[in-house]
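Colleague: Spelled out, the chains give:
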Amino acid sequence: MKIVAEIDRERISTLLREGKRVDGRGFDEIRPTKLTQDVISKAEGSSEAWLGKSRVLAGVKIQVGRPFPDTPDEGVVITSAELFPIASPEFELGPPGEQAIELARVVDRGIRHSSAIQRSSLCIKSGEHVYLVMLDLYILADHGNLIDAASLAAIGALMNTKLPKVNVTEDGTAEVLEETFPLEMGPPPLTVTFAKIDGTLVADPTLEEENVMDGRISIAIDGDDTISSMQKSGGVPFTYQEVTDAIERASKIVKKMRKQLPQR
Amino acid sequence: MSDKKAEAEQPLIDGKGLRTDGRKLDELRPIHLEVGNLSRADGSAYIEHGRNKIVAAVYGPRELHPRHLAQSDRALLRVIYRMATFSVSDRKRPAPSRREHEISMVLRQALEPMLFLKMYPRAAIDVFIQVLEADGGSRCASATVAALALADAGIPMRGLVAGVAAGKIDGKIAVDLSDIEDKIGDADVPTVMAPERGEITLLQMDGKLTKKELATALQMAEEGIHQIHEMQKEVLLKKYAKIRDQIAEVSPELLEKVEEIKEEKPKEEEPKEEEPKPTRKRTKRTTPAKAEEKTKTTKKTKTPKKKKTESPKETE
Numbered sequence: 001m002k003i004v005a006e007i008d009r010e011r012i013s014t015l016l017r018e019g020k021r022v023d024g025r026g027f028d029e030i031r032p033t034k035l036t037q038d039v040i041s042k043a044e045g046s047s048e049a050w051l052g053k054s055r056v057l058a059g060v061k062i063q064v065g066r067p068f069p070d071t072p073d074e075g076v077v078i079t080s081a082e083l084f085p086i087a088s089p090e091f092e093l094g095p096p097g098e099q100a101i102e103l104a105r106v107v108d109r110g111i112r113h114s115s116a117i118q119r120s121s122l123c124i125k126s127g128e129h130v131y132l133v134m135l136d137l138y139i140l141a142d143h144g145n146l147i148d149a150a151s152l153a154a155i156g157a158l159m160n161t162k163l164p165k166v167n168v169t170e171d172g173t174a175e176v177l178e179e180t181f182p183l184e185m186g187p188p189p190l191t192v193t194f195a196k197i198d199g200t201l202v203a204d205p206t207l208e209e210e211n212v213m214d215g216r217i218s219i220a221i222d223g224d225d226t227i228s229s230m231q232k233s234g235g236v237p238f239t240y241q242e243v244t245d246a247i248e249r250a251s252k253i254v255k256k257m258r259k260q261l262p263q264r
Numbered sequence: 001m002s003d004k005k006a007e008a009e010q011p012l013i014d015g016k017g018l019r020t021d022g023r024k025l026d027e028l029r030p031i032h033l034e035v036g037n038l039s040r041a042d043g044s045a046y047i048e049h050g051r052n053k054i055v056a057a058v059y060g061p062r063e064l065h066p067r068h069l070a071q072s073d074r075a076l077l078r079v080i081y082r083m084a085t086f087s088v089s090d091r092k093r094p095a096p097s098r099r100e101h102e103i104s105m106v107l108r109q110a111l112e113p114m115l116f117l118k119m120y121p122r123a124a125i126d127v128f129i130q131v132l133e134a135d136g137g138s139r140c141a142s143a144t145v146a147a148l149a150l151a152d153a154g155i156p157m158r159g160l161v162a163g164v165a166a167g168k169i170d171g172k173i174a175v176d177l178s179d180i181e182d183k184i185g186d187a188d189v190p191t192v193m194a195p196e197r198g199e200i201t202l203l204q205m206d207g208k209l210t211k212k213e214l215a216t217a218l219q220m221a222e223e224g225i226h227q228i229h230e231m232q233k234e235v236l237l238k239k240y241a242k243i244r245d246q247i248a249e250v251s252p253e254l255l256e257k258v259e260e261i262k263e264e265k266p267k268e269e270e271p272k273e274e275e276p277k278p279t280r281k282r283t284k285r286t287t288p289a290k291a292e293e294k295t296k297t298t299k300k301t302k303t304p305k306k307k308k309t310e311s312p313k314e315t316e
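Chains A and B, in that order, give the protein sequences. Under the numbering used here, read the first sequence as residues 1 to 264, first letter to last. Under the numbering used here, read the second sequence as residues 1 to 316, first letter to last.
For the record, the hints were derived by calculation from the structure and aren't laboratory data. Any given hint might turn out to be false.
As the list claims (entries may be wrong) - Simulated pairs of lysine-lysine, DSS-like, Cα-Cα distance not exceeding 25 Å:
1. B:172 / B:211
2. B:238 / A:53
3. B:24 / B:172
4. B:242 / A:53
5. B:172 / B:118
6. B:212 / A:53
7. B:262 / B:239
8. A:252 / A:53
9. A:232 / A:255
Throw the hints in and build the complete structure from the sequences for me.
Modeller: Have a look at this one:
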């Protein structure tokens, strides 16, 4: 349970009514982003993302395993997140809690349902061997909006991922080879989160804004400008108008963000 | 995965006496240190030791939760060592392993003697260590980085600790074993020391060594630890030099006052220095030498005649 001073809430919402934010940004202006790739040499793909001062490290490990019985021709992408206390004095030790699980699942859905990764391209031998892409997110500093920061780090790591070639021998066992090839990827989905404070939606909330927000909506926009996942959270309802507006605004923000993504 | 057998037969020292990464037997891997790198922690540090990449965060002294763990006469020091799933070749499962629990414990015991826990009864000091990439000797590098993070948090300490492993590879004693040397070498002796105090605060070993070899290994580790300790001091001094520059910009008067206080201080401390310090007796390098000098000088002034006959005995 977070305790927020009434004066903070008052200051933030007064500013919003005047069309201003605490850090001087516009309502649709996200903090500066930075993406550094290939930071962990033992990972098959990695990247560190900054969204303002929020900082997330994503790493990919590749395993060769069996596909799920209902999707024998598809590889598997599994995302998990850890909120280790190095990132914030408010994070506690222990198995992933609500926040960590929500974070991992929102990032996971944004990628899973986009057309960026064709999971059929991760199949080695139908029903027998597929690539398991294990994407792990480590938060290094929480200054608000971890969902967008983590999504960016995840994309950076996947775009940096190299899969080992696999040889299936005559007796059907998979042999992992030294040679690698880059993970096949289309234009990635990008996620934009809005905080709802006193009925106003602002993009990319800081920690200060998150502490006073009533609700939140995250929207992942795919490479073809379709929506690949959404998450509304917080105990306050959104109107139909608010949701459609948020999607329009997210789409515009993502167009700008795309220009800053690393090229493959 | 398949090349493990090939690894085992690979020589670790070549004809010129160099190791697989081109190092001499007594040479450390490259080390890079940073402090204050994590923005939300009270104190933090980052180390790259060879290919090890480790961050440490410190919180506290702060209120202890859950309360029932509180100790009425001292602070509780909690040290947690964790490895990222992608820090090793085969993905590590996210849940903490037995190895991580044990290393957390020995690291806590390696740091504890450096802290004045009795200054903060009922409070907690938390040290969180996250290995982002592991490359052999991660527990030693963790001690180095955790000590820096504690210092960065401004927590009073008796001294810094630093760590390095020594061991035996291809029948020879070497310092700072790399991942492959650790795995297929003959012995590994992770060591953490408080170099200013000559105290060993973490010592483990696996493998097989003669008594003489172990003594050599420990000496080599100590030598390496002294080198790392110099780097630790340097990075902390740099941080405070930066803070001093910032103060100079904002308020030069404040800096002048600090300098004045600094100049006054030595006068107060002089008499203290002459008192013998029994707790420091073990430090080979600094204190005994100084103490000897002092006893000599006092004898010089008081009984100059006796000095000649006595001094040879003293030096023995």
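Colleague: All hints are to be evaluated individually against the structure, with a verdict given for each.
Modeller: Hint-by-hint comparison with the structure:
no.	hint	result
1	B:172 / B:211	holds, 14 Å
2	B:238 / A:53	holds, 23 Å
3	B:24 / B:172	holds, 11 Å
4	B:242 / A:53	holds, 21 Å
5	B:172 / B:118	violated, 44 Å
6	B:212 / A:53	violated, 52 Å
7	B:262 / B:239	holds, 19 Å
8	A:252 / A:53	holds, 23 Å
9	A:232 / A:255	holds, 22 Å
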